[in-house]
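Add chain B to chain A, keeping to what the hints say.
Going down the list, the protein sequences come from chains A and B. Its first residue numbered 1, the first sequence is counted upward by one per residue in the numbering used here. Its first residue numbered 1, the second sequence is counted upward by one per residue in the numbering used here.
Hints are computed from structural coordinates only; laboratory data are not their basis. This one's a predicted model, so the numbers in the text were calculated from it and none came from an experiment. We put the CB at the ideal spot given by N, CA and C, even for glycine. Honestly, I wouldn't trust all of these hints.
Output of the computed footprint for chain B on chain A, the stretches with three or more beta carbons under 8 angstroms from beta carbons of chain B [stated by the list, open to error]: (1) 32-38; (2) 42-49; (3) 62-75.
Okay, the calculated bits of chain B under chain A, using three or more residues with CB under 8 angstroms as the criterion [stated by the list, open to error]: (4) 117-130; (5) 144-150; (6) 383-392; (7) 409-418.
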Amino acid sequence: MSGPVTLLINGEPVAAAAGVSLGSVLHARRPALRTSPGGAPRGLYCGMGVCFECVVTVDGRPERACLTPVRDGMAVEALP
Amino acid sequence: MSASRIACDVLVVGAGPAGLAAAAAARECGADVVCLDLFAAAGGQYHMQPAVADGPFAAAPQVAEGRAAADRCRALGVRFVLGAEVFWAEPGFTVFARRGDEGLAIRATTVVAATGAMERPIPFDGWTLPGVVAAGAAQRLVKANGAAPGRKVVLAGSGPFLLAVAETFAKAGLGLRAFVELRRPGPGALAPFLRHPGRLAEAARLLAALRRTAPVRLAGHAVIEALGDGRVEAVRVAPVGPGGRPRRERAFLIEDVDCLCVGYGFRPVIDLTSLLHAEHRFDDRLGGWHCAVDPATQETDVPGLFAAGETTGIGGAAPARLGGRLAGLGAARAAGRPVPPAGDLAATRRALEKARDFAAALAALYPFPGGLVGELSPAGTVCRCEDVTRADVEAAIAEGARDVFSVKMWTRAGMGPCQGRVCGPALGDLVAARLGLSPEAAGYNRPHMPLRPVPLAVAEAALALAEPVHPAAAGAEP
Numbered sequence: 001m002s003g004p005v006t007l008l009i010n011g012e013p014v015a016a017a018a019g020v021s022l023g024s025v026l027h028a029r030r031p032a033l034r035t036s037p038g039g040a041p042r043g044l045y046c047g048m049g050v051c052f053e054c055v056v057t058v059d060g061r062p063e064r065a066c067l068t069p070v071r072d073g074m075a076v077e078a079l080p
Numbered sequence: 001m002s003a004s005r006i007a008c009d010v011l012v013v014g015a016g017p018a019g020l021a022a023a024a025a026a027r028e029c030g031a032d033v034v035c036l037d038l039f040a041a042a043g044g045q046y047h048m049q050p051a052v053a054d055g056p057f058a059a060a061p062q063v064a065e066g067r068a069a070a071d072r073c074r075a076l077g078v079r080f081v082l083g084a085e086v087f088w089a090e091p092g093f094t095v096f097a098r099r100g101d102e103g104l105a106i107r108a109t110t111v112v113a114a115t116g117a118m119e120r121p122i123p124f125d126g127w128t129l130p131g132v133v134a135a136g137a138a139q140r141l142v143k144a145n146g147a148a149p150g151r152k153v154v155l156a157g158s159g160p161f162l163l164a165v166a167e168t169f170a171k172a173g174l175g176l177r178a179f180v181e182l183r184r185p186g187p188g189a190l191a192p193f194l195r196h197p198g199r200l201a202e203a204a205r206l207l208a209a210l211r212r213t214a215p216v217r218l219a220g221h222a223v224i225e226a227l228g229d230g231r232v233e234a235v236r237v238a239p240v241g242p243g244g245r246p247r248r249e250r251a252f253l254i255e256d257v258d259c260l261c262v263g264y265g266f267r268p269v270i271d272l273t274s275l276l277h278a279e280h281r282f283d284d285r286l287g288g289w290h291c292a293v294d295p296a297t298q299e300t301d302v303p304g305l306f307a308a309g310e311t312t313g314i315g316g317a318a319p320a321r322l323g324g325r326l327a328g329l330g331a332a333r334a335a336g337r338p339v340p341p342a343g344d345l346a347a348t349r350r351a352l353e354k355a356r357d358f359a360a361a362l363a364a365l366y367p368f369p370g371g372l373v374g375e376l377s378p379a380g381t382v383c384r385c386e387d388v389t390r391a392d393v394e395a396a397i398a399e400g401a402r403d404v405f406s407v408k409m410w411t412r413a414g415m416g417p418c419q420g421r422v423c424g425p426a427l428g429d430l431v432a433a434r435l436g437l438s439p440e441a442a443g444y445n446r447p448h449m450p451l452r453p454v455p456l457a458v459a460e461a462a463l464a465l466a467e468p469v470h471p472a473a474a475g476a477e478p
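Only chain A is shown next, with the shape it has when bound in the complex (with noise of 0.2 angstroms):
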C-alpha cells in the first residue's frame, strides 16, 4: 500500500489510509450519510454492498461507500 491520500468530503480535506474504504472514513467522521426517501439520516448499515444504505456522491455519481476505495483528489457529497 502506498501512502496517506487526500479525499475532499463536501469540500473539506479529509486524510485517509490508501486503500481502506469510503465508508469506513464516512462512518468513523459522521455516521449519518444520506436521507431516505421520507427525509430520515441514515448511515452505513450492512457493510458489504447489499443495503444501499451508504450511497453517497462520488465524483458526480451516486456510489456505495462500502464498496469504494478511497482515491487521492476523490469528491464526495455526503450529508453536512
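Relative to chain A, chain B alone:
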C-alpha cells in the same frame, strides 16, 4: 460505454471459501474457469483481506488461508473477474455483470453459484438510526479497514458470529461497552462439541476473547430500541422471558453509546439461483430460503447450474469449501471434462456431511428468533429503502395482501435499491405470523431485472453482447 464478452466452461459466481474451492476443483479437471466476485480482492467475507498491510489481521490464519486459496486458483489458471457485480442471467448460460463502467456478458457451459450469505436482520425500533450497523459491517470496518465502528459500542443479537465479532474487537484492542446475547447458556451448550471435540478449542478461544473485551455481558437479553437524535446515543434492552419475548416492564437503558452492532445470523444470497429458476426450500436452521441441491453433486434441479456454500444453507466456511469442491468437480464434468477418481468424491462427501452436522448442532443452540419482529412498534420501519412501516404492512394485510409479494405490491416494501434483500425475511415472518401461514405460503420476493442497480448504459452495452438463444428470434429482429 465499453463492454466485453467472456467465454468459459465453468463460471463460478463468488470468490469466498465455496467459490475458490469450486474454481480450483473445476480447473484441476482441465475446465476453463472464470471466477467472479463483487469485491476487489478474492476471499469473500470469511477470508476478507485487510486494506491496511501492517494491522493486527494481516497475518491472521483466516486472511492467509484466503490468500493461499486465491493464489492456488491463479497458479492453476483460474481467470478472476473481480470488482464485478452480476445484474442479470439467462439460462444456458449467459451471466451479465457490471465492472465499473464496463458491461460484461459471460457465456458459460455450467455455472456454480457460490454467492454466499448476508445478514438476516430483525427490524426493531430505531434500527435505521445512523450508527446502528449490522454485526458483519462492524467486523469489516475493523478487520478490512482498521477503523473503529465507534468508541462506545454495544454488540447485540444472537449466535456464534457475535463471538467472532467480539474477538475481532479484542484483537484490534477495541473494548465493547456491552455484549447482549438473546440466549442463555444451557446444559445443551456442549452438545455440538461432544461429536466434534476438535472445535472445542476454537469455542474456548472465542469465549476468552469475549470476556477480555466486554466487561458487561448480558445473556438472555435483547435490544428492543435504539434511541438518539440523528444518530444512536442509547440502547433499550430487556430481559427475555421463558416464551422468548422481551419483558418490557423490566427494560432498561444503556446510555452513552455511539454505535450499536446487531446480528442474528445470516441468510443465503439466492438471487442468482432463483433468477435461474432453481428449486428453493425454507428451513429456519439453514437461514431460511436456500437453494436446494443434490448433496452428492451440488447440482440444482436446473441442469448445469450448481450451488455451494451458504447459498445452499448457512453452515460456515468448512462445509462451504467441501461443497464448493464437489460443485466444481460436478460443473467441470457437466461441461465435458474428465471425471476425477471416485474415491476423492466419496471422501469429500463424507467430510461435507460431518461439517454440516457440526453446523446443524451449533445452529440448534441458537434457533432463529423470528418472532422478535413482533416487538416492532407500528411506526417502526420494516423496509429501509422505501420507508415502509409495520403499520403500512399491517394495513396492506388488512386490505387483502396475502403473501410477501402482494405486500410488496401494496406498500413498495422490497422495491427499493436493495430489492427486498434486507427486509424480505422479516416481511415473511410478519406476514406468516399475522395470517397464520407457513413460511412457504408467505413466500419470498422473486428477483427482477436488474438484480442490483446498474447504470442503464452499462446494462445496455452488456445485454447487446448476448448471443441470441433462439435463432428464429434473432431472424425476427428488424
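Hints, one by one, checked against the model:
1. Here's how the segment 32-38 of chain A fares: 5 of its residues keep a CB closer than 8 angstroms to some CB of chain B, so the rule of at least three is met and the hint holds.
2. Here's how the segment 42-49 of chain A fares: 8 of its residues keep a CB closer than 8 angstroms to some CB of chain B, so the rule of at least three is met and the hint holds.
3. Given a C-beta distance limit of less than 8 angstroms, the hint that chain B covers the segment 62-75 of chain A holds, as 3 residues qualify and 3 suffice.
4. With 5 residues having a beta carbon nearer than 8 angstroms to a beta carbon of chain A, the segment 117-130 of chain B meets the requirement of three or more and the stated coverage holds.
5. Counting residues of the segment 144-150 of chain B whose CB lies closer than 8 angstroms to any CB of chain A gives 6, so the stated coverage by that chain holds, three being the minimum.
6. Beta-carbon proximity to chain A at under 8 angstroms applies to 4 residues in the segment 383-392 of chain B; the threshold of 3 is reached and the given coverage holds.
7. By the rule of at least three residues with a Cβ nearer than 8 angstroms to a Cβ of chain A, the coverage given for the segment 409-418 of chain B holds, with 3 such residues.
The structure fails none of the hints (numbered hints given earlier).
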